[in-house]
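Undergrad: Listed below, chain by chain, are the residues.
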Amino acid sequence: MRLTIRILLILLIIAVLSVPFVPHLIYPVFVMKTLCFVLFACAFNLLLGHTGILSFGHAAFFGSGAYITGYFVKYAGFPTDLGLLTGALAAAALGTLFGLLAIRRSGIYLAMITLAMAQLVYFFYLQAPFTGAEDGLQQIPRGTFLGFLDLRSDRTLFYVVAGIVAAGLWLIWRIVHSPFGAVLRAIREHEPRAISLGYPVARYKVMVFTLSAGLSGLAGSLKAIIFQLAALNDAHWHMSGEVILMTLLGGMNTVLGPAAGAVLVSAMTHYFDPFGAWVTVVIGVVFMACVMMFREGIVGKLSKILAPGLREDPPREPAAERPAPTDQ
Amino acid sequence: MDIFGVPIQAMMGQLMLGIVNGSFYAVLSLGLAIIFGVLKIVNFAHGAFFMLGAFVAFLSGRYLGLDYWAALFLAPLIVACIGMAFEYLFLRRLYGLDPIYGLLLTFSLVLVLEGGFRVAFGSSGQPYPTPEALRGTINLGFMILPIYRAFVVVAAVTMCLATWYMIERTRLGSSLRAATERPDLTQAFGINVPLLVTLTYGGGVGLAAFAGVLAAPIFHVNPSMGSNLVIIIFAVVVIGGLGSIVGAIVTGLALGIVEGFTRVFYSEFSSTVVFLVMVAVLLLRPAGLFGRTEG
Amino acid sequence: MRIRTTPITATAAGLMLGLGCATTSWADNGFSDDVVRIGVLTDMSGIYTDLSGEAAVEAVRMAVEDFGGEVHGVPIEVIFADHRNRPDVGASRAREWYDNDGVDMINDLSNSGVANAVAAVAKERRRHAIVNSSSTVGITNDYCSPYATHYTYDAHSLAHGTGASIVEEGGTSWFFLTVDFAFGHGLEEAVSNVVRDAGGQVVGAARHPLDTTDFSSYALQAQASGAEIIGIASTGADAINAINALAEFGVTPSQQPAALLLWFDDVHALGLDTAQGLLLTNAFYWDANDGTREFSERFYERTGRMPNMAHAGNYSSTMHYLNAVEAAGTDDPDAVSEKMRELEINDFFAQGGYIRPNGRMVHDQYMWEVKTPDESEYEYDYMRLVRTISGEDAFQPLEDSTCYLLDE
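Protein chains in written order, with the numbering used here: chain V, 1 to 328; chain E, 329 to 623; chain S, 624 to 1031.
Certain hints may be false.
Chain S side only, calculated, beta carbon under 8 Å to chain E, not exhaustive [stated by the list, open to error]:
#1 Gly827
#2 Thr836
#3 Ser848
#4 Gly849
#5 Asn864
Hints listed in this document are in silico derivations from the structure and should not be mistaken for laboratory results. It should be emphasised that the depicted structure is a prediction, and the values quoted were computed from it without experimental measurement. We put the beta carbon where it would ideally sit given N, CA and C, even for glycine.
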């Protein structure tokens, strides 16, 4: 059974890598954008799925990655690689700050603190002169990667983006399957027990906040380089909502679920244009159908069909284990 | 006499306007708080139901010839029925799951409602006349207040008090509170909890629709009129303390006032100030201003 | 991108990819892939749907039909997409259209973030983009190129239309209600300069966040300022709510509101009761003359709504583009660009209009006053012409433009 999945994965990787050769079948820039969202959703799921923390402020990290990278590449003349790194580090630093404050509460209160801080961050980007408000921070040069890869070529850029996203996903996979990840799961399943076992739970939470934010920021930075622009909607709370949506649609209890959700959402917004003015309604109905039919997400459902008995994570019944917030 | 360079008369005016806006927030956050209290989900469609209320008033005026007063009474009932149907057909199936799925479902409903109304009525919206009896202004000495705004405060505060009385002082209210605390035990006492939950959802969105009708003559009736409202309203509920009816009402009013003063001193920040307050409150008082402490 | 000029290399590249590379090869008759394709990139589902949306697509289709559906025997095709008011979505779609789908010209482009982003892509890919429904002056300054045209109006023409006209008529003290967005700040600054240059004064401003619903506080501030003119530097729902609040609090009519970007649809949405007496600058009004009425009635039959200036601009600019293609005998972007700037525009929308080297289409702008309900005699009879502002006065002087094309 594992073999089927492995083969599917390899086929998928080959398919992605051959995209630049079939631009008429599927447009490479669209795939690059989708890859950014894949990384974003998987990074977000480090918190939601793997640690059981709902953040409603991830747009702040995504947007910061985009704006900081854009600013340093455009105005400070940073090479692209260094710009990406700066963006990701800035987002990670912001994540540490969010984490330090937010983890003092839990459940819905934590979500609201992250939302509130993300709104403050959004306000900053709205006011800061370099962002150009609704006009966007435009014409960010793509530059070169590692000094010799000219990113102005869409194909080169494609492989660089694919490589970075793959590295990001690999890192997430490593985190989830490391002893660190095991502790995160322990926190998710039963926090008091994790504490009583002597784990510095607070420190773990801040660390996972930082990692998740940094990788989300990297996704935003990549998007800024691909489109050569950073815009306010990257930091808007709708983006925070969208990443939650992607993760849930794909399935938050799986490693690859958020990726599938990201692909689904980004494909819908791309291919549903013929619906014209009805597009919002159609997307809403699809989401409703997904929530009603695949509660464990698409990948969750799929892996049940493909490989009954195989699970990336032990199953859990959230409602039973998470008391309602008011009772906490 | 001046306060930070602003004449005291002007400050009184802003205070008055803050109370008017606050009464909208109070009605809206009250509805959201009740729904959250019983269903444990964040009703993301609250802003959309607010919009729906305004549109039902507008449509019933245009096609059925109903006047404002009829709409003020009927629109919340109609919207409550729509809400109950939604709860019964969809939302109900998600109980027992992580509350985040409820949030997702109600968010999808927002897309359907807002998108649908935009297709049907365009994005720029429709005018709704102020009822004849409430036109004109009154001079309060320190400001000119449109009569309709004064009416909004009275209507909203009355509605809040009525709702509070029903929950805290009637038999139905006590069953509701019991169902909030211990649904299983309440069911065992022979109370139909699922019905109670449906009614609660209907009541909550009915309140939103009531606010929508109140808003129709002053804020333009358009499909996105409620889209940014829900996070602000939910912030109000959280600041007030989840589960606290009084908290939602008082915080709603207070936010109106805080926002009003922000509009004078740092206007750009006025739609963000609520979040600053929320961070501060949650870090200092974990369960909100009126909530029971965590633990 | 350099490949495109030489058909052989382009074809070779296409073959190398193992695919019919339809986008970039020029056939013998001078037309890429034997079709002239126009893409309408607009807001189909968001807050600007009334300003452009599906009706914008229809306006472009009308132009194509009126043109005859083909140019030099080559068919003309219209496609559309929704940019969702997200610059990245818009830029991504524009790239795909230019690279993959053989789109020769993109029209409409509501939302200034999207318009700037697409103008940048158009420059890079060397294809045409015509901006009709957004106001950003970036199109003819920082993001300018031989391929980007800004057609209907821009922030400069709004400021110099409404602002200068009102000052000349004696409205010398101003208070602004400005949306806290680049668009609002730009407009406020431009009008303030006009007012000060003309000897007037700006007594204050209140900046409100986007999507503010309640303007009562600002109405009081405007009232307290005592200014003669209340400049409303916002658009859509914000402007509508602001105007409503000013009327509700009795600020109007003792102080005169001037809407710096109010659309025909906004007037319709406000209703004449509230909107009467408003001054606004629009490049087009359906009931201005026989030509506009003829177009508008046909448009109304197809879409069920009266056209606003962006719809009219979509039609007129598509027509102009097709005329340029016909005159050039090819859809090669450089040749068409040259012809577009060479040919004069004379239709119901513009008389003696011409396109400057930086892409700015210069034509007359009009200031209108909204009629009272009593003056309005039939449906959609909303506005009366107050004055005509010549294109030279309305648009940014060429010497102020930062467009790189002007340095040569």
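Undergrad: Have a go at the Thr836 (chain S) hint: is there a Cβ in chain E nearer than 8 Å to its own Cβ?
TA: 5 Å, holds
Undergrad: Under 8 Å, Cβ to Cβ, is where Ser848 (chain S) needs to be relative to chain E, so tell me if that hint holds or is violated.
TA: Check failed: Cβ of Ser848 (chain S) comes no nearer than 11 Å to chain E, outside 8 Å.
Undergrad: Regarding the hint that Gly849 (chain S) lies at the interface with chain E, is the smallest CB-CB distance below 8 Å?
TA: 13 Å, violated
Undergrad: Against chain E, with CB atoms and a cut of 8 Å, does the hint on Gly827 (chain S) hold up?
TA: 11 Å, violated
Undergrad: Mind checking the CB of Asn864 (chain S) against every CB in chain E and telling me if the closest is under 8 Å?
TA: Hint on Asn864 (chain S): holds, closest Cβ of chain E at ~6 Å, below 8 Å.
Hint check: violations occur at hints 1, 3 and 4; the rest are consistent with the structure.
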